[in-house]
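Peer 1: These protein sequence lines map, in sequence, to chains A and B. Start counting the first sequence at 1; every next residue gets the next number (my numbering). Start counting the second sequence at 1001; every next residue gets the next number (my numbering).
Some clues are possibly wrong.
As the list claims (entries may be wrong) - Straight line, CA to CA, 25 Å or less: simulated BS3-like cross-link-like pairs of lysine-lysine:
no., chain 1, residue 1, chain 2, residue 2
1, B, K1210, B, K1044
2, B, K1258, B, K1082
3, A, K136, B, K1309
4, A, K136, B, K1014
5, B, K1309, A, K84
6, B, K1309, B, K1014
7, B, K1182, B, K1210
Rather than coming from a laboratory, the hints here were simulated on the basis of the structure.
If you want the building blocks of each chain, they are given just below.
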Amino acid sequence: MLEMSRIQKIYRTELIETHALRDLSLSVGDGEFVAVTGPSGSGKTTFLNIAGLLESFENGSYVLDGRNVAGLNDDQRSEFRNRKIGFIFQSFNLIPDLNLYDNVDVPLRYRRLPAAERRARIRRALETVGLASRMKHLPAQLSGGQQQRVAIARALAGEPAMLLADEPTGNLDSAMAHQVMDLLEEIHAAGATIVMVTHDPDLARRAERNIHLMDGRVALEDYSTGAADLPPQPADRERLVARA
Amino acid sequence: MGFGPMMSSLMRNKTGAILVALQIAVTLAIVINSLFIIMQRVEKMNRDSGIDVPNVIITDVRGFGDDFNVVDSISNDIELIKSIPGVIAATVSNHAPLTGSGSGTGLRTVADETVVPVGTARYRWSEEGLDALGVELARGRNFYPEEVQYILPTSNSAAPASILVTQALADELFPDEDALGKTVYWGSLEPSTIVGIIDHMHGSWVNWSKLGNVVVQPGKPAYTNNRYIIRVQPGMRDEVMPLIEQRLGESNRRRVVKDVRALEDIAARSYRRDRGMAIVLTVVISFLIGLTGLVIVGLSSFHVTQRTKQIGTRRALGARRIDIVRQFMLENWLITTAGAALGVILTVAVAYWLEVSFELPRLDWRYLPGGIVVLWVLSSIAVYEPARRAASVPPAVATRSV
Ligand SMILES: Nc1ncnc2c1ncn2[C@@H]1O[C@H](COP(=O)(O)OP(=O)(O)OP(=O)(O)O)[C@@H](O)[C@H]1O
Ligand SMILES: [Mg+2]
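Chain A on its own, in the form it takes in the complex:
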């Protein structure tokens, strides 16, 4: 599904270069449920953004669903995101002015699906997350956990090849976090490939595989039970580089 090798990502500002990813290599197989952990600033979001074609990278190669994405232009990347990837964000990112139905509709409209098919997909996706009865409601009328379920419905409606989630439970209390996690497990059981970034070792343990990032590299992979208990890492993220 996802095949990254020796990916580098450097953020440059006026004064500093930040090596967010250093020769990151990893792969995710079809139908896998992978949790990505690591200390703050270790490059988890950067990895996810590159995986989801939200950001570009400098060196290395990335093959997604059999396609080398390095050569895609901006429009092609948009289309690829639209068709292949379902995003789940930490702060849900629902559009506040739109009701649940229209929110789930957003990616489907960009795909220019016929109205009847969009309607069927939206209904099905909202049913999957148990919120079909509230589709005329606005996001603000829902709890955080419900909002995240709508966001998951939005990601599912496009029938993506892969779900990418950046701390999907980060803004939720533990009861709601577990609901969302249950839902993700259900979706995975139905065959979806999921890559989830999380800080929570308990949730990470529920994935099939844990990838621990540190300082922009894969520090540890654990296929058996989940995240290993690693000692906290010293802050070692940003290199001050005086530019000429």
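Given chain A, work out where chain B with the ligands should sit, using these hints.
Peer 2: Using the frame of chain A, we list chain B with the ligands on its own:
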């Protein structure tokens, strides 16, 4: 984003949209009505006066002293003026057209004081008068030289046998008949015969609705103050004007040259209120259009900033840059069109008010679609830059912003 979701999204963020729509409505009403008034003023200023305005010079002279011989002075002056190269014709006259000052009278077709006379401007000039103004005689004849006498302040002003009238005056006097050869009666009920019809000529008062009514009597007014009408060959005016001033000044010390002016300048002065109104309204509508453009830029920039995260999310979900641009353009188009719809009502209301209170002509409805198209174009231009900025919001904003 689709039409429906966009409408409901707009309805949930009414305030800004309503303000902009109102601004657009008011702009449409003011711009269209102002433009209509401007066009009327421009049309008025560009009316054909029938006179060769660019090539006519008006000269005012004044004699002084008890023994000033006005008749000699005028005949010498006219001779001298006509000897200047480039001069085509010259006459002394009581007044000059388009100046805002003149004399008027009333004519009747019957010798009956109870009949309401037809108002008209009245001139006196010599057989060269028509040529001195470049006015065309449509039918009949010009004055014979022997019909043209000096008219001294002391002479009794009996009605002349022959007069010229403009076609406009002729039509008003004799709506169903040919005026040529007909007799008309002055205020004193003295008769004169129409011997020639001037095709078209404006009289003295540009704001008078019967500006085209002119009657001409033969004569050379010979007073202390005299006015000469001089026509030159095309392009010679500015050369001839100083020569007139100089030669007349040198030729006779008993008579001063008060003023040598181009008829064009005099006419422009007569139309200065119209021009002023057109300029003020043009400034007002330019300002208003600029302001409306800025308001649209402001609101859409605000929307872009406010929705940065939403834009990033949309990009992450598969929107291309063009989709984002389109979203902002379409939303702006909806606001503009709603404003324009309201603006049409407002425009008609203002037009009706102007029509009733200021007796302006009825608004030409064709200005409305024109105005709406202008606003559409304006608002599309105004929203373009903010929309482009929206499209350049990076998709990573979706995960990076809180
Ligand atoms: N746009 C950017 N410009 C400059 N530096 C950036 C930018 N985005 C991220 N970084 C830096 O890149 C490094 C990796 O950031 P990243 O967001 O991937 O970390 P993370 O593992 O997701 O952290 P967290 O757990 O806090 O979300 C950090 O040092 C961060 O400061
Ligand atoms: Mg992060």
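Peer 1: So, for every hint listed, does it hold in this structure?
Peer 2: Outcome of the hint check:
no.	hint	result
1	B:K1210 / B:K1044	holds, 13 Å
2	B:K1258 / B:K1082	holds, 19 Å
3	A:K136 / B:K1309	holds, 23 Å
4	A:K136 / B:K1014	holds, 19 Å
5	B:K1309 / A:K84	holds, 22 Å
6	B:K1309 / B:K1014	holds, 20 Å
7	B:K1182 / B:K1210	holds, 21 Å
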